[in-house]
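K.L.:
Now for the letters of each chain:
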Amino acid sequence: GAVVSQHPSWVICKSGTSVKIECRSLDFQATTMFWYRQFPKQSLMLMATSNEGSKATYEQGVEKDKFLINHASLTLSTLTVTSAHPEDSSFYICSVGGWSGNTIYFGEGSWLTVV
Amino acid sequence: KQEVTQIPAALSVPEGENLVLNCSFTDSAIYNLQWFRQDPGKGLTSLLLIQSSQREQTSGRLNASLDKSSGRSTLYIAASQPGDSATYLCAVGNTGTASKLTFGTGTRLQVTL
Chain A
33 GAVVSQHPSW VICKSGTSVK IECRSLDFQA TTMFWYRQFP KQSLMLMATS NEGSKATYEQ
93 GVEKDKFLIN HASLTLSTLT VTSAHPEDSS FYICSVGGWS GNTIYFGEGS WLTVV
Chain B
-18 KQEVTQIPAA LSVPEGENLV LNCSFTDSAI YNLQWFRQDP GKGLTSLLLI QSSQREQTSG
42 RLNASLDKSS GRSTLYIAAS QPGDSATYLC AVGNTGTASK LTFGTGTRLQ VTL
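So the sequence lines, in the order shown, correspond to chains A and B. Per our numbering, residue 33 is the first one in the first sequence, and the count goes up by one each step. Per our numbering, residue -18 is the first one in the second sequence, and the count goes up by one each step.
Hints were generated in silico from the structure; no laboratory data involved. Hints should not be assumed to be uniformly reliable.
[Unchecked claim] Covered stretches of chain A, going by a simulated chain B footprint (3 or more residues, C-beta under 8 Å):
id	region
1	44 to 58
2	112 to 121
3	134 to 147
[Unchecked claim] Using 25 Å as the maximum straight-line C-alpha spacing, the simulated PhoX-like pairs for lysine-lysine come out as follows:
id	chain 1	residue 1	chain 2	residue 2
4	A	98	A	73
5	A	96	B	49
6	A	52	B	23
7	B	49	A	52
8	B	23	A	73
9	B	49	B	-18
10	B	49	A	46
[To be verified] Label pairs and their calculated CB-CB ranges:
id	chain 1	residue 1	chain 2	residue 2	range
11	A	114	B	39	12 to 22 Å
12	B	-4	A	83	45 to 55 Å
13	B	39	A	97	40 to 50 Å
14	B	7	A	93	15 to 25 Å
Backbone N, C-alpha and C define an ideal beta-carbon position, used for all residues, glycine too.
In isolation and in its complexed conformation, chain B is listed as follows:
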């Protein structure tokens, strides 16, 4: 059974800092990995999707990497802003059931002024 863990559970940084969020998964036979943002009381916003054959994806200040063999992914946020404050979730689409996601525990990010 796939298990997804995110470290740290919570993070507070001053504005402007670069930061890295970590995600690890136990079964490397994944189809893809997706990073989401969840704002309090809101739904999920997809940030980046990495297919199993890819090593990284970039969108603006965000860069996500994937090391399938070691069961790890990182989300790098450059020049953080207060508007980046949210909970970040990584989710794994498993081989054969890519549409059904296994979510990580989330990292709650606070970017302070």
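Just chain A, same shape as in the assembly:
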């Protein structure tokens, strides 16, 4: 069964609105989760590290005020794309695990289309 659940799978929103994507760790508690995005025909790029109970750590070039990350519990991290624009249309996916070099599990991913 799934280890990580992500919702929604598909979302279409109007330009200027905000969209929230949820990532749930089903099998274990996760103090850290990771958010990636993948533009068409490109590889996945790490956006940020979500830290339970504290601020997220963003990768260079990722706007923290635009991509709000909340990790309020050990099983849930949310990514909110604020004031979305068409160029934010992408595949967003979260991951859990990897401690001590163990397997990393990914959610099913979320396709965002901003029109």
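We have chain A; now place chain B onto it with these hints.
P.N.:
Leaving out everything else, chain B in the frame of chain A:
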């Protein structure tokens, strides 16, 4: 900064053929390397995980090797099937940040009947 490259970018083979996908990385100070499968419109499925101290891992028809010193990994798929058609991604967990992956560009595989 770690960079991961996969060759070829796309590959089409007839059913039954054995094939090799290549992955290279620039910084050999890795913690582990993981191969994933991505189906169109779907998330990622982990196929094989190789720790930096290991040379290879096998699962069914899949065999992944790792040569850390030369910065290379290969994924060998035996007796390919149409159901193997997908994009294959290799990803490196770097020393100190093993949970944060650097992904390769992917190889899009098509296995034809």
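K.L.:
Are the hints correct? Go through all of them and say.
P.N.:
Each hint, compared with the structure:
no., hint, result
1, 44 to 58, "violated (count 0)"
2, 112 to 121, "violated (count 0)"
3, 134 to 147, "holds (count 9)"
4, A:98 <-> A:73, "holds, 23 Å"
5, A:96 <-> B:49, "violated, 35 Å"
6, A:52 <-> B:23, "holds, 19 Å"
7, B:49 <-> A:52, "violated, 39 Å"
8, B:23 <-> A:73, "holds, 14 Å"
9, B:49 <-> B:-18, "holds, 16 Å"
10, B:49 <-> A:46, "violated, 46 Å"
11, A:114 <-> B:39: 12 to 22 Å, "violated, 45 Å"
12, B:-4 <-> A:83: 45 to 55 Å, "holds, 46 Å"
13, B:39 <-> A:97: 40 to 50 Å, "holds, 46 Å"
14, B:7 <-> A:93: 15 to 25 Å, "holds, 19 Å"
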